[in-house]
Amino acid sequence: MLSQGSTLMVISDKPGNWDQYPYSCWGMKNIRRKMEDRSSVFPTLAAILPNKKDVVAEDGLFAVFDGHNGSECASYASVHFPTCFVEVEDFKHKKMEEIMTEAFAKLTKRLDVRIENEFQINYKSGSTALCAHISNHKKLCIGWCGDSTAAMMYSTSVELLNKSHVPDDPEEAKRVEDSGGFLLVVNGELRVDGILNITRSLGDISAGSAISSIPSVLTRDLDGTEYLLILGSDGLYDAFDGDSIFSYVKKFVQKNSPKEYRELSRKASDEGSHDNITAICVFLRPVEDLWTLFSSTK
Numbered sequence: 001m002l003s004q005g006s007t008l009m010v011i012s013d014k015p016g017n018w019d020q021y022p023y024s025c026w027g028m029k030n031i032r033r034k035m036e037d038r039s040s041v042f043p044t045l046a047a048i049l050p051n052k053k054d055v056v057a058e059d060g061l062f063a064v065f066d067g068h069n070g071s072e073c074a075s076y077a078s079v080h081f082p083t084c085f086v087e088v089e090d091f092k093h094k095k096m097e098e099i100m101t102e103a104f105a106k107l108t109k110r111l112d113v114r115i116e117n118e119f120q121i122n123y124k125s126g127s128t129a130l131c132a133h134i135s136n137h138k139k140l141c142i143g144w145c146g147d148s149t150a151a152m153m154y155s156t157s158v159e160l161l162n163k164s165h166v167p168d169d170p171e172e173a174k175r176v177e178d179s180g181g182f183l184l185v186v187n188g189e190l191r192v193d194g195i196l197n198i199t200r201s202l203g204d205i206s207a208g209s210a211i212s213s214i215p216s217v218l219t220r221d222l223d224g225t226e227y228l229l230i231l232g233s234d235g236l237y238d239a240f241d242g243d244s245i246f247s248y249v250k251k252f253v254q255k256n257s258p259k260e261y262r263e264l265s266r267k268a269s270d271e272g273s274h275d276n277i278t279a280i281c282v283f284l285r286p287v288e289d290l291w292t293l294f295s296s297t298k
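Residue numbers (the UniProt record's numbering): 1 to 298.
If you're looking for bench data, these hints aren't it; they were derived computationally from the structure. Hints should not be assumed to be uniformly reliable.
[Stated by the list, open to error] Estimated spans, in silico, between C-beta atoms of each pair:
id : residue 1 : residue 2 : range
1  : D243      : R114      : 40 to 46 Å
2  : K34       : K138      : 36 to 42 Å
3  : R114      : N256      : 30 to 36 Å
4  : R114      : K94       : 21 to 27 Å
5  : K109      : G180      : 19 to 25 Å
6  : D90       : S179      : 30 to 36 Å
7  : G180      : K255      : 36 to 42 Å
8  : H137      : P170      : 34 to 40 Å
[Claimed, not checked] Derived pair list, reagent style DSBU-like, types lysine-lysine, alpha-carbon separation capped at 30 Å:
id : residue 1 : residue 2
9  : K53       : K34
10 : K139      : K109
11 : K163      : K34
12 : K53       : K94
13 : K163      : K14
14 : K53       : K106
15 : K250      : K139
16 : K124      : K138
From a predicted model like this one, the values you see are computed outputs, not experimental measurements. All C-beta atoms, glycine included, are put in the ideal place defined by N, C-alpha and C.
Could you build all of it, start to finish, from the sequences and the hints given here?
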């Protein structure tokens with residue numbers, strides 16, 4: 001049984017490649033009234049397409065969805081994005097960035113239909129999206145809308161991989177204004193139409209074309225020097241930057257055994273801000289390698 005936010009997906013048999021990308025995943029409401037973050041974790045896409053496991057077994061998919069104005073959009077996205085992803089036509093023969101972009105488009109189309117059929121003008125929910133596709137331990141593709149952040153941990157540092165879609169970014173501000181939206185300072189913070197502090201998201205139909213659901217996408221080759229891929233909602237990065245993530249992971253390893261690796265995200269959440277916090281830590285090397293790395297540095 002696999003948890004996706006508050007939704008459970010039943011998997012009859014654990015796929016053989018399930019443990020190829022060990023992970024730690026945790027979310028917490030914090031002091032907020034409701035928990036609106038959701039996540040999806042598939043260490044192998046064979047869990048979604050068991051009849052095509054020979055094709056997708058070495059592909060993993062991990063995603064964080066940070067909802068706002070309700071959890072409806074994030075909940076829907078966490079359940080449907082993995083399906084949209086594997087349903088991209090000619091999946092294994094397309095470039096990773098093409099698959100990611102098409103998956104976002106499929107999800108947006110499904111969400112639009114659902115809103116029209118079930119909610120119409122009463123739908124106010126939206127969500128950021130941060131999705132990572134890992135293929136055969138050799139390639140990584142990240143697609144995102146909004147201000148959730150991906151980071152990569154190496155032996156001596158942590159690199160933040162993506163740039164948030166926020167009104168402070170001149171390119172994003174221009175796109176909003178070119179789309180007919182406007183930017184307004186509210187309590188010292190730029191907001192789209194005076195409401196949202198992000199410029200791209202899923203849902204948010206009340207903002208019209210000013211808020212885009214078209215993701216930014218990056219790809220990179222993996223060469224074996226990467227230890228951890230860390231996906232986090234903005235609540236995590238209210239408390240951590242690259243240097244503090246590295247220090248936190250190092251201290252965690254030195255205080256805990258490799259058997260406790262699944263606690264890595266939970267304890268990071270304990271250090272966070274007042275916002276909802278979700279963190280996924282994906283091990284790109286054997287778990288023990290991280291402990292070996294820090295075993296001689298007390």
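* Hints the structure violates: just list their numbers, smallest first. => When the structure is compared with the hints, numbers 3, 7, 9, 13 and 16 turn out to be violated.
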